[in-house]
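Chains as they are written, first to last, in the numbering used here: chain A, 3 to 275; chain B, -18 to 261.
Don't read these hints as lab results, they were simulated from the structure. Note that beta-carbon positions come from the ideal geometry of N, C-alpha and C, so glycine has one too. Please note that the accuracy of each hint is not assured.
Listed next, with one range per pair, are the computed distances between beta-carbon atoms [stated by the list, open to error]:
#1 Asn67/A - Gly238/B: 44 to 52 Å
#2 Leu81/B - Asp174/A: 38 to 46 Å
#3 Lys257/B - Gln269/A: 15 to 23 Å
#4 Asp112/A - Ala(-3)/B: 48 to 56 Å
#5 Met3/A - Asp206/B: 47 to 55 Å
#6 Gln229/A - Ala(-3)/B: 50 to 58 Å
#7 Gly52/B - Asp218/A: 51 to 59 Å
#8 Gln229/A - Arg218/B: 32 to 40 Å
#9 Lys103/B - Val73/A: 46 to 54 Å
#10 Thr115/B - Gln269/A: 47 to 55 Å
In silico lysine-lysine, DSS-like type, Cα no more than 25 Å apart, as pairs [what the hints assert, rightly or not]:
#11 Lys62/A - Lys157/A
#12 Lys103/B - Lys118/B
#13 Lys158/B - Lys204/A
#14 Lys257/B - Lys275/A
#15 Lys236/B - Lys275/A
#16 Lys188/A - Lys78/A
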Amino acid sequence: MIQTEELKYAYPSSADVLRGINLTINDGEFVAIMGENGAGKTTLVKTFNGLLLPTAGTVKVDGVNTRESSVAKLSKDVGLVFQNPDHQLFSETVKEELAFSLRNFGYREDTIERRVATILETLDLTRYAESSPFVLSGGERKRVALAAVLVWNPKHIILDEPTIGQDYQQKDRLRNFIVQLNAQGKTVIIITHDVEFVAECKPRIVLLSRGLVVGDGPAEAILSDDQLLDRSSLTRPQIGALMYQLADLGLPEGVIDVYSAERAILQTVRRRK
Amino acid sequence: MRVVQADHLTFTYSGAPKPSIQEISFDISPGEFVVLTGPSGCGKTTICRCLNGLIPNFYSGEFTGELIVDGMNVKDHTTAEMATHVGLVFQNPENQLFSLSIERDVAFGPENLGLSREETRKRVDWALEVTGITDLKDKPPYELSGGQQQRAAIAAVLAMQPKVIILDEPTSFLDPKSALEILGVISDLNRRLGITIILVEHRLDLVSKHANRVIVMDDGKIVLDGTPRNVYGEQARLIGIGLPRVTTLFNLLQKEGLQFSRVPTTVDEAAHELRKMLAR
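Excised from the complex, chain A in its bound form (with noise of 0.2 Å):
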């Protein structure tokens, strides 16, 4: 469980980023973190793997305040995936990236070669093994991030900005590749401005807006709520758009994704007849 108390957090001689965030996420749950540019998203899940320490409140992991805990140690269980690969990915090949860690946690190297093939294999990055991560696309070079902290298994999974720069095929397998961790009780935690994505993954929905949580709950109910979206510079997904778009006509609200749509069209049409 993370869970942070009038959580407050300001960079070096600026205003407060984070200004007071009182936040349980459940073991096991399913979070998105949305919210406009600058609302204080990635400074928030910093705090949740020691990166940063509060500046006031408290943020606390399975019950140990962080500020008695260090990012090594809590990094075990709660694994960061950076927004930008670049500022994580420094190994000669992709191999070499996912070991680096497990070797500083000690593992035994028939562990971690077994660990590293898997996780590649998972990924669909076995064919880079052997590739330095810096001649690889842009897309790839996420994978291989998020490969490099999947790799020691932590309990907490965070994803900063996970979908940019990949296509619809890779975004397909991100939400099953997610959906699967979830199964396997595992947090995941994702950032993200992507209103499709989320309208077809339908997590919970934390909604931040100038360093305050400003809306929390299901997809389907913050998607929907044109105050909330606004002031958090967010737009309905296109689904959700066309189905307010025909409120009049008697079709369900709430309804965020092509077959829920489908499902609620077909309904009404067949009512009618």
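Place chain B on chain A using the hints.
Just chain B now, with coordinates in the frame of chain A:
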């Protein structure tokens, strides 16, 4: 008249086992708004690099075929010379802005062309005006929001007065509202100033209403080329293109036996079609 003429373009990066683009031929007329899409690694970025002369001038490799942009054969001109004909805007505006003020960033290009102070002034003011950031001209880039930064990056390209602007996923780092605003700016450049736009984008939901043409690439080749409505069919879906959600929805409804006069590519078209059907 053509503003882009590509004839059997093939490029293989040094050391790469096979060409990134292969035998590509297409023409673009002045004033078109073209969306270039396709799965990752299909060669979109390579084409962009060709269009502004980074290939073959900066990236080494084997380049065959002809590419003429705004009358300039890219093989015969430096990237700097190409910059006054074709501008490139990247995904992340942070990579494009480097000065202490937005105004300095926008002035950088024209100053390097050796234009007079007066002409530079005129162009900078104009570019800031068109992109709606005149008020921000004295601010450093890092004080701006992502959307404002991207406007500044577009202004910097605009100040070179290119005929063609290429944008490589220019909104992917922006929140959805800023993304819509930036697409509005781009659409304005196209409609009001007649600038030819080539927009690389995976998210067709976002851009379809602005485009008159969609080019789909797969594995280094152009596989589909036409209006959004003509391109967004079964073949595009099979290649793995993310069709707009409303298009997918209508395809599903048609399979269930509902009949429409046309398959929509935008929310407004979809609402219109459904309203017609449900009002019957």
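| said: When the structure is checked against the list of hints, which entries are broken? Sort them ascending. | reply: Violated hints: 1 and 4; rest satisfied.
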